[in-house]
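Quick mapping for you: the protein sequence lines, in order, are chains L, H and B.
Residue numbering for the first sequence follows the working numbering, beginning at 1 and increasing consecutively.
Residue numbering for the second sequence follows the working numbering, beginning at 1 and increasing consecutively.
Residue numbering for the third sequence follows the working numbering, beginning at 1 and increasing consecutively.
Be careful, since some hints might not be right.
[Stated by the list, open to error] With a straight-line Cα cutoff of 30 Å, these simulated DSSO-like cross-link-like pairs (lysine-lysine) come out:
{"no.": "1", "chain 1": "L", "residue 1": "K200", "chain 2": "L", "residue 2": "K181"}
{"no.": "2", "chain 1": "B", "residue 1": "K160", "chain 2": "L", "residue 2": "K172"}
{"no.": "3", "chain 1": "B", "residue 1": "K9", "chain 2": "B", "residue 2": "K122"}
{"no.": "4", "chain 1": "L", "residue 1": "K37", "chain 2": "L", "residue 2": "K204"}
{"no.": "5", "chain 1": "L", "residue 1": "K201", "chain 2": "B", "residue 2": "K82"}
{"no.": "6", "chain 1": "B", "residue 1": "K30", "chain 2": "B", "residue 2": "K89"}
{"no.": "7", "chain 1": "L", "residue 1": "K200", "chain 2": "B", "residue 2": "K9"}
{"no.": "8", "chain 1": "B", "residue 1": "K150", "chain 2": "B", "residue 2": "K97"}
{"no.": "9", "chain 1": "L", "residue 1": "K45", "chain 2": "L", "residue 2": "K204"}
{"no.": "10", "chain 1": "L", "residue 1": "K204", "chain 2": "B", "residue 2": "K150"}
{"no.": "11", "chain 1": "H", "residue 1": "K30", "chain 2": "L", "residue 2": "K175"}
{"no.": "12", "chain 1": "B", "residue 1": "K122", "chain 2": "L", "residue 2": "K105"}
{"no.": "13", "chain 1": "L", "residue 1": "K201", "chain 2": "B", "residue 2": "K9"}
{"no.": "14", "chain 1": "H", "residue 1": "K293", "chain 2": "L", "residue 2": "K45"}
{"no.": "15", "chain 1": "B", "residue 1": "K89", "chain 2": "B", "residue 2": "K160"}
{"no.": "16", "chain 1": "B", "residue 1": "K164", "chain 2": "L", "residue 2": "K201"}
{"no.": "17", "chain 1": "B", "residue 1": "K89", "chain 2": "B", "residue 2": "K11"}
{"no.": "18", "chain 1": "B", "residue 1": "K150", "chain 2": "B", "residue 2": "K9"}
{"no.": "19", "chain 1": "B", "residue 1": "K139", "chain 2": "L", "residue 2": "K200"}
{"no.": "20", "chain 1": "H", "residue 1": "K293", "chain 2": "L", "residue 2": "K172"}
[Claimed, not checked] Negatives, chain H to chain L, calculated, CB over 12 Å:
{"no.": "21", "residue": "G40"}
{"no.": "22", "residue": "I48"}
{"no.": "23", "residue": "I50"}
{"no.": "24", "residue": "I60"}
If you are wondering where the hints come from, they were derived from the structure by calculation, not from laboratory data.
Just so it is clear, CB atoms sit at the ideal spot from N, CA and C, and this is done for glycine as well.
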Amino acid sequence: MNKKNINNIEKEMKLANEGLSEKERTLFSDARPTPVKPLNKYLEKFLNWARAESLWILAFGTGCGAVELRPLMTARFDMFRYGIAPRPTPRQASVFVIGGYASIKTIKRIVRSYEQMQGPKFVIALGSCTINGGMYYDSYYTINRIDHYIPVDIYVAGCMPRPEALIAGFDKLKKQIKAGKCDGMNIYAENFDWYKANQKKVIKDWNMPDYNW
Amino acid sequence: MNITTKILYAIISVFVATAYGLTLGGIVRKIYARVHGRYGPPVWQPFIDILQTHAKRVSISHGYMFYLGPVFRLAGGLGTYLFIPVIFGSVVFSNFSMAGDLLLVMYFIFFGQLGMALGAGEGGHPYSPIGIARGLAQMSTFEVPFALSVMALAIQYNTLNITTIVAAQQGSILNWTLFTNPLAVIAAMISLLGMNMHSPFSIVLAPQEIPIGPPIEMNSSFLATLQTNRGLFGSAKLVLFMNLYFGGAAHANIFVALAIMVVKTFLIYMFSVFVGAAFPRFRPEQSMRFFLKWPTLIGILSIILVAYF
Amino acid sequence: MEHIINRLKQKIEIESIINQRADLYFITIKEEHLELVLSYLKQQENFTHLAFLQAVDFIEDNKFQLTYMLYNYDIKVNLGIKVFIDRDKSEMVSIHKLWAHAWQYQRELKEMFGINFPGSPKVDESFVLEGWEEIPPMKREFDTLAYSEKTFYQRPGRTKNDPKKYMKEKLYKKFPQSTTVGRKDD
């Protein structure tokens with residue numbers, strides 16, 4: 001849209017914590033993420049086993065990959081026997097499945113949902129659009145590499161990968177979690193400024209807090 | 001016996017009940033999956049879920065009231081369970097049963113949901129009051145046939161002590177309340193469908209209903225507490241129903257008695273699972289109207305029958 | 001359908017008629033006749049359904065071509081009305097009084113091509129592009145590849161393959177002497 005529209009939007013939107021006292025400002029998302037160290041070695045191994053055996057995915061279909069998630073819940077491919085269950089809210093989910101291309105409009109919602117997830121969180125990116133832009137590499141509104149915006153653990157190549165490929169991706173994710181290599185939460189907290197600068201470069205109408213915890 | 005032994009027995013009893021309740025949930029998921037024609041999650045999946053939810057490194061709290069939700073719920077579950085005698089005549093599993101504990105147990109069933117409403121309302125989600133309103137409204141209506149059925153029992157057995165009620169049903173299978181006062185049992189079993197929050201009354205907890213009701217903002221340890229409570233509270237309700245209506249579990253050998261308890265509560269739970277598998281969900285106003293019509297009538301009839309005949 | 005076009009010819013001047021299929025016709029009219037033609041077709045000739053409203057960018061002639069696709073349920077014929085408007089002064093009269101759902105097409109055209117429809121409800125709202133600060137992206141002077149390379153990060157090592165050569169290498173190399181396997185034009 002033209003410049004005039006942007007100014008109108010900026011005049012109307014206010015952040016939720018504007019005009020509050022210092023004490024009350026912290027009740028709204030104003031803080032930065034901090035890295036949380038894992039516990040001692042053996043307890044962490046046990047907890048990693050529990051995290052790997054019970055993966056809760058966020059029921060948010062971000063792109064064309066969502067159509068491959070639905071057959072997984074049916075009787076033919078049956079992801080429930082691996083302990084994977086869909087949850088409707090990011091507060092309770094631990095895996096975010098980015099299905100396919102991410103337009104700027106979707107990236108804003110992806111960032112907001114990812115930051116609202118708790119604790120050790122993992123990201124699986126499906127399709128070649130998340131790797132190098134795929135068939136939309138020259139589009140004016142889709143990003144080319146998703147790992148400059150949120151940290152990614154597993155890529156599953158394909159256009160779209162079939163459900164069997166997706167199950168293989170989940171299997172690899174389980175092995176990586178049990179090996180203790182999936183640390184997206186701390187990577188995001190340590191490189192927060194770089195991720196935020198990348199996000200703000202493409203999301204022009206930023207009307208949400210810097211960190212949505 | 002002294003108080004420490006009693007506390008030790010109570011802890012053993014609570015652990016057995018929680019483990020049993022969670023395993024029952026896992027078995028039911030497995031049964032649903034097999035009916036659908038697929039393998040299901042392993043039977044111990046609820047335990048892994050609780051471990052995983054506790055293993056989150058960060059948790060978001062919305063203030064002090066937010067803690068009240070899971071805490072009250074777990075307190076309600078514990079209170080419900082600890083006043084019901086699980087095995088009649090056993091020292092380990094007879095908990096803290098005393099005179100008048102039936103009313104106390106009914107109070108604790110309601111108490112947990114109220115605390116949940118307080119905590120969930122503090123959650124900061126703009127639509128969670130809808131879920132809370134639905135849950136509380138439905139709960140207040142399914143308590144009506146249950147309370148009427150309990151009144152019928154009290155008139156029939158002249159007591160409010162669960163241990164005495166169980167004792168009165170011993171002897172033969174025809175002494176069960178199922179055969180001496182069938183109308184009260186029918187009213188209470190319909191109310192059990194509402195209590196277990198299965199279809200057709202599962203709108204409060206259904207995850208596809210946005211908001212998913214009260215537990216929407218509960219994360220990490222809050223959610224894990226709620227899930228533990230689901231196991232404990234579920235098995236407490238089933239044991240209560242077994243004691244009141246189906247003769248309780250009594251045998252000289254404690255393991256045989258535990259096996260009888262497991263079989264009876266499993267069958268009672270299967271009743272609500274069978275009904276749930278066959279029905280879709282009712283809307284809240286439909287379910288409220290349903291509970292206040294026929295089950296209430298059956299309950300009133302059972303009181304009249306017992307009082308005057 | 002010929003009767004309808006003849007009746008229309010008596011009222012206004014039609015610049016060209018294309019009969020693509022038995023049930024698909026295109027006519028080109030002047031910009032100032034559009035509103036009258038559409039209301040005549042909707043009310044008198046029973047073309048009650050507006051299927052879509054789209055635009056094509058003819059940058060060489062410095063014009064936008066708008067296509068209004070109408071459908072008649074009685075004779076089951078699609079009729080596309082084409083008008084040419086000036087590219088620099090890209091404005092068109094809004095038809096939301098005839099078909100209420102035209103506001104959505106007009107909003108999309110304003111966002112993607114920059115064609116203004118004064119009076120249309122909610123025409124300034126963004127549809128897909130939130131926070132867009134460049135020129136409307138469907139205009140042909142907008143170089144989308146250059147914009148994508150400037151704004152988004154590329155992953156190094158991306159290569160392109162010609163499909164015909166690649167498939168010939170991969171699949172048909174095993175059968176160099178065969179007469180039955182392989183493409184006929186190799």
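Tested hints:
1. L:K200 <-> L:K181: Holds, at about 28 Å.
2. B:K160 <-> L:K172: Answer holds: K160 (chain B) to K172 (chain L) is near 29 Å, not above 30 Å.
3. B:K9 <-> B:K122: violated, 35 Å
4. L:K37 <-> L:K204: At roughly 34 Å apart (the allowed maximum being 30 Å), K204 (chain L) and K37 (chain L) break the hint.
5. L:K201 <-> B:K82: Not satisfied, since the Cα-Cα distance of roughly 40 Å exceeds 30 Å.
6. B:K30 <-> B:K89: Between K30 (chain B) and K89 (chain B) the Cα gap is close to 16 Å, so the pair holds against 30 Å.
7. L:K200 <-> B:K9: violated, 56 Å
8. B:K150 <-> B:K97: violated, 42 Å
9. L:K45 <-> L:K204: violated, 42 Å
10. L:K204 <-> B:K150: holds, 15 Å
11. H:K30 <-> L:K175: holds, 25 Å
12. B:K122 <-> L:K105: Distance ~19 Å between K122 (chain B) and K105 (chain L) Cα, so the pair holds.
13. L:K201 <-> B:K9: Violated - the C-alpha atoms of K9 (chain B) and K201 (chain L) are around 55 Å apart, more than 30 Å.
14. H:K293 <-> L:K45: Given pair K293 (chain H), K45 (chain L) is violated - Cα atoms ~55 Å apart, limit 30 Å.
15. B:K89 <-> B:K160: violated, 40 Å
16. B:K164 <-> L:K201: violated, 39 Å
17. B:K89 <-> B:K11: Holds, at about 28 Å.
18. B:K150 <-> B:K9: Outside the cut-off at roughly 51 Å; violated.
19. B:K139 <-> L:K200: With a Cα-Cα distance of about 26 Å, the restraint between K139 (chain B) and K200 (chain L) holds, given a limit of 30 Å.
20. H:K293 <-> L:K172: violated, 55 Å
21. G40: violated, 6 Å
22. I48: Contrary to the label, I48 (chain H) does not stay out of reach of chain L, its closest Cβ about 4 Å off (not over 12 Å).
23. I50: violated, 9 Å
24. I60: Given that some Cβ of chain L is not farther than 12 Å from that of I60 (chain H), nearest at about 6 Å, it is violated.
Checked against the numbered hints given earlier, the structure breaks hints 3, 4, 5, 7, 8, 9, 13, 14, 15, 16, 18, 20, 21, 22, 23 and 24 and satisfies all the rest.
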